[in-house]
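Position chains B, C and D relative to chain A; hints supplied.
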Amino acid sequence: MTVVTKMKGFAAATGFAATLLTGGATYAFADDVTLTMAVPDWPPTRVMKKFFDEQYKPASGNKVKLDVDFIPWPDFYTRVNASLTSGEQKYNFIVSDSQWLGAFVEGGYYRKINDLVDADPDFKKTMESIHPAVYNAYSTYPYKSANLYGFPQFPDVLVTYGRKDVLCNDEEQAAFKAKYNEKLPCTGDEISNMDWNTFEHIGEFFMRKKGEKLAGQVLDDDFYGIAYQAGKGYDFSTTSVHTFMWQHGGNIWDETKAPTGHAEGVVNSPESIAGMEHFLKLLKYMPPVVKTGTMDIFVSDQLFREGKVAMNVDWVGLGEASLDPKSSKVSDKLVFGMAPGLRGADGKIDHTEQIGGQPFVLTTWTTPEQTKEAVAFVKWWLSPEMQNKFAAAGGQSAIKSVYEDPKYATYRPWNKAFAESLDWQKDMWHVPQFFELLTQQQDQFDLAITGKQDAKTTMDNVAKFQEDLLKNAGLIQ
Amino acid sequence: MRLSPDNWKLAILVGLVVSVLAAIALPPHVSFWIVGAMAALVAAAFVVNAYRRKYYGGLLVAPAIAVLFVMNIFPLLWSLGLSFFAYQSNQQSIRFIGLANYTKVLTNDIMAPANWGALVNTAMFVVLTVTAQMIVGFLLAMLFAKQFPLRKYLLILVLTPMMLSVVASGVFFSYYYDPTFGILSYVINAITGGQFILMDSKAGAVTGIVFADAWMWSPFVMLLVLAGLVSVPKYLYEAAAIDRVSKWRQFWTITFPYIRGLMMLALLFRTIEAFKLADLVILLTKGGNDTMTISYHLIRIANEQNKTSEGAAISYLMLFMVIVLTNLYLYIANRRSQGD
Amino acid sequence: MAENNSIWEALGFRKASGVGEAGWGRTLVVAIVSLIYFLPVLFIIFTAFKPQDAALAVPPTLSPTSLFGLIPQQFVFTPTLENFGSVFMRSMTPGGAPEATGFDRYFFNSIVIASSSVLLALVIGTLAAFGFSRYPLKGNDTYLFIILTTRMLPAIVVIIPVILMFRVVGLSGSYTGIILLYTAFNLAFTIWMMKSFFDELSLDVEDAARIDGSSDIKVFFKIALPQVIAGLAATFVFGLILTWNEFLFALLLSGPDTRTVPVAMNQAVSSGGRGTDWTLLAAIETLFLIPVFLVTFFLQNHLLRGVTFGTVKR
Amino acid sequence: MSTIEIRKVTKQFGAFTAVKDADLKVEAGEVVCLLGPSGCGKTTTLRMIAGLERATSGDVIIAGQRMNELPPQKRDIAMVFQFYALYPALTVGQNIAMPLHYEGLSKADQDARVSKVAKIMHLSEVLDRMPNQISEGEKQRLAVARAIVRDPNCFLFDEPLSRLDVELRHSMRGQIKEVLTGLSKATVIVTHDQLEALTMASRIAIMKDGVIEQVGTPHEVFAKPTNVFVASFIGTPQMNLVEADLRSFGDGKADVVLAGQPLNIAADPAVSRLKPSKVTVGIRPRAFTTVQDKAGDTIAAQAELIEPMGAETLIHARTASGGDIRVVVPRDKRVKVGEALHLRPDPRQTHFFGEDGRAVRA
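Residue numbers (my numbering), protein chains in the order written: chain A, 1 to 477; chain B, 1001 to 1340; chain C, 2001 to 2314; chain D, 3001 to 3362.
Please keep in mind that the hints were generated in silico from the structure rather than gathered at the bench. Honestly, I wouldn't trust all of these hints.
[What the hints assert, rightly or not] Pairs of lysine to aspartate or glutamate, EDC-like flavour, derived with a Cα cap of 16 Å:
# : chain 1 : residue 1 : chain 2 : residue 2
1 : D       : Lys3008   : D       : Glu3030
2 : A       : Lys326    : C       : Glu2082
3 : A       : Lys50     : C       : Glu2082
[What the hints assert, rightly or not] These stretches of chain A come out as covered by chain B in the derived footprint (C-beta under 8 Å, 3 or more residues):
#  : region
4  : 83-89
5  : 98-106
6  : 125-134
7  : 150-157
8  : 192-198
9  : 300-310
10 : 435-449
Just so we're clear, the structure is a prediction, and the values are computed from it rather than from any experiment. A virtual CB, placed ideally from N, CA and C, is assigned to each residue, including glycine.
If we strip away everything but chain A, and leave its shape as in the complex, we get (with noise of 0.2 Å):
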């Protein structure tokens, strides 16, 4: 025991003697202030690096640097992980999956941010500012609570890719129609109302093989109609199968009911069961690769990309590799609507969804002088101007002001589905056992994509699995 605090300790007090020999950038002189972040290596973020670097005049008269180190996605978590838990006190701002912030809060690593917010009332207005369901899930710990640590850096939300000159092809609109009887959707507003049933049938009725004809033109290669994500790694079937559970009534773990909510009942409840069914369901529509476990979000992008997909549901994120051409055999074919959701008796659609994107979030060792010039940042990061220019060149914005204004939509082509999915959003676990959950649940999913075993097992086993993690936690009484 002794080592491991007297070893923290010493990196706790050895930082000013390791940053003069590291050149490293943790401390700075009054005038000085330098940020240091730890990002993933994508547009957002380095569309945020450029624009501090160009247009950031801090307020302060300070000299502020933002030091931002860009971390290929596939392994920012194992970099930043280590970073936090060997002590290594090296970020002042970090990028974070919405699920890590318990896991690091209560690690002591994440900072919270409610005293800085009720100091400061321009930044309480920032921060009211943002559209609660992104608030929620991004910014609380525990999920729903009131102490706050994060800012949106990307918001990300699940959209319908589609394909116009397939979806709006006469032929295959009026064979569509003669088959099912319902319209093809074609424009992004008939995508938007779109639900479950009728992605169903245009996944079965774009099942087409090499040699038969696809808007009046010879498939070279096979062709599927649907995919979404339904991967083994990270989260890439959690979000849909959570999707599809909320959208039939059922649950995921409560976090907010804790410590009196179960998972047992719960997250194997019929409804839950069902939602699991349906998300089975429309597999056999997909490409063949979902069969393997291994159909994460950026395989099924990359068929829809590649024009072997006639609608993809994905994260609004990786939607700019299908607007350039280079990357995208379908660039000039694009149209966006909200994913899919479940029509109730009443006609209404649920589109109840997994949030996606990221916050960024202060860390507890970072000075009070740091930390000044930190909110000063993140406020003008935050600012309507800022958000929309961010907007312009590609991000997101959880901005109320910014997404509902109408020329958010011109932006790109997806952003008004994107501002339209925003009431529906909602997240998983904070817990810091999130990843435990998760990755049994990952396993226990792709048993069941994989056709190992029915969506009754695989929810009995994840409900058992984690009833029995979360009492040892002592979340479930």
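Positioned in the frame of chain A, the structure of chains B, C and D alone reads:
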């Protein structure tokens, strides 16, 4: 006690006293360097002592031991120590629990099945990949054993796979195996007209991983075996030709004794590496289709879930197995060579 | 008959030639096998020259040339050098101007870190190997085995204390730190290899040199070392190949300024908000392959002789 | 029929010609030594007979069959290698038994053959040892044992005794000769040691630069060397080869100027065919008699260095013109350094070599 630069006992005593005093009295970032200086003092005393006594062995080995100790052995001992505590790297609390981690990873209802499953899979991968590498590496080496025109240029082609980074080769193998874009499915579909998916069953996924791994690392085995082959004096083969010894007998009586040592070395190193198989699995299946290996499992436990001490316990159990296995190899190798 | 033979032989197709040699017939067979073995690499190299939209073409494009119509047009792609440019300069934001990707730095880092750590390990390890070989300590074999065990644990288990230690002594993100770590990483293999070479040397020569008045240091440098040059080269190549592609330590211990190519390579696996950028990845890997390929090629003769050493003189 | 014949065999390694147009015939029961300095092509010739190298042109005929195309395995031969080529991983007994596997003998038969041969070669005691555990002489005997354990077409020996010390070499020479005599096979032995060749061979083939210079019985090559090279190569101490001007020939005697001295000596009648020209006169050191006084057939020289060789004494003498002449005299003939000598060559042992280096002989 005599005061002289080679008196290491005195140096240790002084070092200990000063270190303890510094650790108590001074802030850590100062005492750290003082403790370091004391360690250097002790080391210097050892070196001077060894030099004066003409104890060159110790002198020569010292730098290597020092580097290994700081960079490898100290972290290893640290992890070993942690395996007796209840400790998660993302939490501040730590408490001694003896062997509980070991019993937990072996018997706990929630944890143990996954551990055992990963272990069984790892054993399977070790056997399959190492066997495949040994066979392919050996056959390649046989091809290259004789001198022939352009050998140098063809050999480098075969050596290239092991120079690739695992990320690139793993990602590209996932492409080769992809049912929509990949070459494998394209060729098989063109022949059978069906829809071939390699990675949709355990057998297929294991084949895919083993193939990629064997492809990458057979050249390593080849190089060692080839080195053995070219070291066989040519006249032995000439004598065998004149004595009309069959190829089969030639191999076992002449060739094999020369390559046995190197094959054992290859086997040793490849086995050690095979136990660490994780990257390819992550890139190709994410552990799906029951291909989870103990090393990947360990990454999840120790890194993703931050269960540091349980991870340490698993890795020490694994280390124990590797040590037993490698010692078995070495024992057999020594016994055989003494029998000669 | 005789004339026929000579033509036949000129082409290299000899039946019963010298026992240790083979002719062009063998070359042909081995060339076919080697090329098949090399195909996955060749495909990566070809991908580096493909236009981005040809990377995932179905059917796969396999050749930059139709070889005078031998290969059907659908399998042929038009080669481009664009991807190699993208490795160093490309737009990192939607519609943004091309900017430096930092890969020149990463290549530089990889070369500096890999070569210096392998060389350092070679120096330290060769000394140690000579020590273990000529001045056996008590429990020599045990020490050697303990050294080997440092290679047995997955890196993820030892990494946390190393990160912490680096932080405390101020080595994180520095060249010194990662080079020292890689040195240790290479030591086990170096010591085991070099010891086996020293073990095989004839002690008579060294004894003779001592009788002639050479000091132990002189014996090592003038007598022992020159005899194991090939072994040094072989060990260097093996060490280089392993270090060159090391990923996990590099990921966790290098800073933005000391990042190596294997870490940065993942930029192409998931970058720009999408999955794998196949042509970019292939271009990075192709460029990254060149140095280690050249070193191996030029040390190839030593490689075989070096490894052979142990068994030559029985 | 166990015979070996090579006809016009040539071996080229790239541009280098190792053996040129070699002709040789070895009858059953005959032992032919290929003798020559190192690099002369003798080992290459042997390896072509064995099939370890392929002849570039010419024919290799063993037991009456042309075997150029056949690999060693199919030639049914036995060979003893210079470094013995003992299989390091097999015991002495297993080494001897190796050639027997091909014949598919029963284990008992094999053992019987092995123990018989082991007895002949005095290896019975060491059958279970490994090759690296036996002495150098035993290794040599083992190599021979492995060759004679079966009944091949012919035997080939590549410098079989070169690794033995003088004494062992002497005794092994006898043993090998004894063994070979009993076998009546065609045998070729490659050696650079003329003593070995002279004692063991029925005939000797002397090679230089890839060409067989002379083939003949030990006596023939000694007594009638066909050219300067053979003359100088065979015989210890080396034959004196002195440049001379042939003036005239008559009455069985030649008038020459040798070392600046006119000399009238008996010569082969064939010398009469030569026009006056430069010749080389070859006289073996033992073919001189020392006489008191200068005569028409004596060469004057001064003793410069005296080497007692036991039964005889070797004198290095210098002529007035500075030439060096080696003379062997009986031990009891006392000569002092600086003493003037008059040397009379034995007319029957005086060889004349023409300008082309070839012996002039009837």
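Okay, the hints, checked on the actual structure:
With a CA separation close to 21 Å, the supplied pair D:Lys3008 and D:Glu3030 exceeds the 16 Å bound. Only pairs whose Cα atoms come within 16 Å are accepted, and A:Lys326 paired with C:Glu2082 is accepted, the gap being roughly 12 Å. In summary, the hint linking A:Lys50 to C:Glu2082 is not supported, as the alpha carbons are separated by about 25 Å, beyond the 16 Å threshold. Coverage of the region 83-89 of chain A by chain B holds [criterion: at least 3 residues with CB-CB distance below 8 Å; count 3].
With 3 residues carrying a beta carbon less than 8 Å from a beta carbon of chain B, the region 98-106 of chain A meets the three-residue requirement, and the given coverage holds. Requiring three or more residues with a Cβ within less than 8 Å of a Cβ of chain B, the coverage given for the region 125-134 of chain A is violated, as only 0 such residues are present. For the region 150-157 of chain A, the assignment as covered by chain B is violated, since 0 residues bring a beta-carbon within under 8 Å of that chain's beta-carbons and 3 are needed. Counting residues of the region 192-198 of chain A whose C-beta sits closer than 8 Å to any C-beta of chain B gives 0, which falls short of three, so the coverage hint is violated.
Here the region 300-310 of chain A counts 3 residues with a CB under 8 Å from a CB of chain B, which clears the bar of 3, and the coverage holds. By the rule of at least three residues with a Cβ nearer than 8 Å to a Cβ of chain B, the coverage given for the region 435-449 of chain A holds, with 5 such residues.
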